[in-house]
Amino acid sequence: MLIRESKVRQLEVLANTIREDIVSMLLEAGSGHSAGPLGMADVFTALYFHVAKIDPKKPRDEKRDRIILSNGHICPVLYASLAHAGFFPRSELKTLRKLNSRLQGHPHRGSLPGVENTSGPLGQGLSQSVGVALALKLNKSRSRVFCLMSDGEQEEGQTWEAAMSAGKYRLNNLVGIMDRNNIQIDGQTEFVMPLEPLSDKYRAFGWHVIEVDGHNIRAIIEACDEAKSIIEKPTLILAHTTPGKGVDFMENDYLWHGKPPTKQEAREALRQLRTLGGRISSEHE
Amino acid sequence: MNKFLNPKLFSKDVEMIPTRNGYGDGVVEAGRANPNVVVLCCDLVESTRSLPFAQAFPQRFFEMGVAEQNMAGVGAGMAATGKIPFISSYAVFSPGRNWDQIRVSIAYSNLNVKIMGAHSGISVGPDGATHQALEDIAIMRVLPNMVVLAPCDAHEARKAVLAAAKYVGPVYIRFTREKTPVITRPSTPFEIGKAVVLREGSDVTLIACGPLVYEALLAAEQLSKRGIDAEVINCPSIKPLDKKTILKSVQKTGAAVTVEEHQTTGGLFGAIAEFLSQTNPVPIIPVGMDDTFGESGTPDELLTKYGMRSKNIERAVSVLMR
Ligand SMILES: Cc1ncc(C[n+]2csc(CCOP(=O)(O)OP(=O)(O)O)c2C)c(N)n1
Ligand SMILES: [Mg+2]
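Going down the list, the sequences are from chains A and B.
Going by the numbering used here, the first sequence opens with residue 1, and the numbers climb by one from there.
Going by the numbering used here, the second sequence opens with residue 286, and the numbers climb by one from there.
Bound conformation, chain B alone:
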């Protein structure tokens, strides 16, 4: 097994932790390391996992009420005054509702605000389409100055938060609600702008972000039984993109599948396609939400209905191999 992977990954007792917990742990650590770290939240303290910080540093925690646009502006003001604000809500509200405030007050001003979007993806489940952020990568990626991260598990989420706290400038990180497999190890390296090859292969490159990295790894296992040797890249840094790692892989394999819990327009697929079309055009098939809104259901049912399973990845590979 790859040295970056959790040795228990494919066993039944693999640890299941939601990536939002990585934010909860990471931001407390960041707060301990740097007294300038502050947290703002909009009436979702427990479910976003801002609570541990609020308890550890009550003086540096700000309850903003149900007012995401104000929170983004207040975050900008605090950053302009030397603080490192982590502003936290569900991704549909922040960066969803407060996009213009983020664009102007944070990104254009290049201020050091960290936008923490919880409950991204269709795996939000029964709350339904209104609460499932499937556009957040696109609307953040399009903003100049913005860093965009989509960690695959709780370990990586924690590291992403710590990296964001050290990095100077606006950062968006998306988290998920459901318990998902711990894919990496505590020692697995994480760097803004770096992708990691989790499995080497020569026939096709699977590029994934978020908890769906697990589905990509499962697909690679299945494909290997059919004699197809898939390379799997975990790409948590959607912006900046690790161009070197991606280019090197597709130059070897000549084809790619992107995997994301997001609209296939404007997200990871968009980022990869935009890059490769200018450097090394290869056929790429996206696995993700196909230009439709979600609905209520269990996370499992929804991921299956909307085609974000290892089977869908295998099918995409079959099409590429034809």
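Here chain A stands alone, though its shape is the one from the complex:
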């Protein structure tokens, strides 16, 4: 799937708008997670706006690709992507985490169109994805399954049970995309619980592994393409990302895992995002 440079530029701008929405949503909610959602905005943009076959008008279409979010706490990026894709009005984003909202603090299958699975408790999404991938195969479907997961949840035994079963059934319709941002709640992943060598581990479990810069939209798209040509295995895309990407005081700081910005921090974050870190002048100020 060739992609023109102009389209990549367009997607980069969209990813930035999604980051702005994430900041605004978190400010309005007064609680929630900042680092993970900002770090995964490029991956989500590539997936929802180029790679995956989805139709917001037919959210339960049998032929759709399935995007399963395993690390549910980064749902602000999921909700913002779904809204931009047209699954529900963007104005609803400000109801995140509020009473009676369809935008639950952690995604709930059934509450919101486009949300494929319930998650939040870590380590469940890859198993759900294996189930979807197996069922699609039974149905002779050509749809693909993309499972987004975090590095922290690689510590859960269930993740490896799922990885093993995906290897056993040679689920070439399954693509795992891991947010390798090196942080979790209590600190750096390698300090909390050493995870490396992650690529070797997945290879040993029968997966094809591709490492990419998780902020290079072209590279993400090309990796998803490469996965299509791997016909005998599931593929893991190890996306190296910067947690809090785009907001300098959040970047690479694990303390931003689970808190929202204050009003002032949000203003500064939005300024940085709108000017792309000072590279362009903002029209909004």
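In case anyone wonders, no lab produced these hints; they're calculated from the structure.
Check the hints yourself; a few may be wrong.
Derived DSSO-like pairs (lysine-lysine); straight-line CA-CA distance at most 27 Å [stated by the list, open to error]:
1. K590/B - K98/A
2. K53/A - K228/A
3. K590/B - K94/A
4. K259/A - K464/B
5. K590/B - K259/A
6. K140/A - K7/A
7. K98/A - K533/B
Please read all numbers here as calculations on a predicted model, not as lab measurements.
Let chain A serve as the given structure and place chain B with the ligands on it in line with the hints.
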């Protein structure tokens, strides 16, 4: 005012402390008193309040990563080797995710592991249903050998942790996230297997656990204005149950309301109903989660929407009095 109650309880400047802080304080004290006390935690060191222990006794603290099933098994192994492990996470994950490990490696083996479940109840708030433990009392109470405690405030939580450290055998304690009123005094007694009458009355017995004890006391105040004399029992020890205190009260009042931040099936209501149906059947109305999952919202909004307020307790009493 009852001698067990905080004199400031109904004033505006009542101290507000989350019960999880009682765990943080208590486990450090227990660690100081006994070098065998160790703490294990699953990537939630600050919010579970394991942090003060980790700082005070770094050699006896173990960061297990996001792996609750492993933590339960490791806890069992340490207990089998003479340690007193406090394993700590959110209640939805421990004892939620690792229930079988707790059942087999800890409860059936009757090992001295203390399971500390933070963020129980709907008052977890905006994180939503996935993170609101509303089934933990039920799944722990059903296990033979397991002691189940639900302290009402930070003082009682601290005492429960100290009692658990002294008691030999598996114990589950549930804690809550939000700041809630300090209901008791530092001197108020606490014992595993004991309930405490916080207010005497003769018309109806309100049996509550956890921070909702406050709502029960508020309801009793309101009811007294309507000439209804409610007895309020704080029942932090759901297993073993203080059968004597409960029996004595309902024999006097002839009716009861149970109050818990938990599914009404299998929790405090279950424990009380199972006991009284065999000894002294009386009508009991449960106040709690009515067989539904929670959702996002502020703790206040959720407690109101799902009917765990003093008003709901009053309404239950009215139904009983009809
Ligand atoms: C089973 C389970 N245990 C614990 C938690 C609490 N928790 C939420 S996020 C998180 C950190 C996990 O690390 P990661 O997903 O890599 O976080 P991020 O990179 O987004 O900061 C933890 C422990 C959880 N959600 N699920
Ligand atoms: Mg991470």
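Cross-check of the supplied hints:
| no. | hint | verdict |
| --- | --- | --- |
| 1 | K590/B - K98/A | holds (13 Å) |
| 2 | K53/A - K228/A | holds (14 Å) |
| 3 | K590/B - K94/A | holds (21 Å) |
| 4 | K259/A - K464/B | holds (18 Å) |
| 5 | K590/B - K259/A | holds (26 Å) |
| 6 | K140/A - K7/A | violated (32 Å) |
| 7 | K98/A - K533/B | violated (44 Å) |
In summary, the numbered hints that this structure violates are 6, 7.
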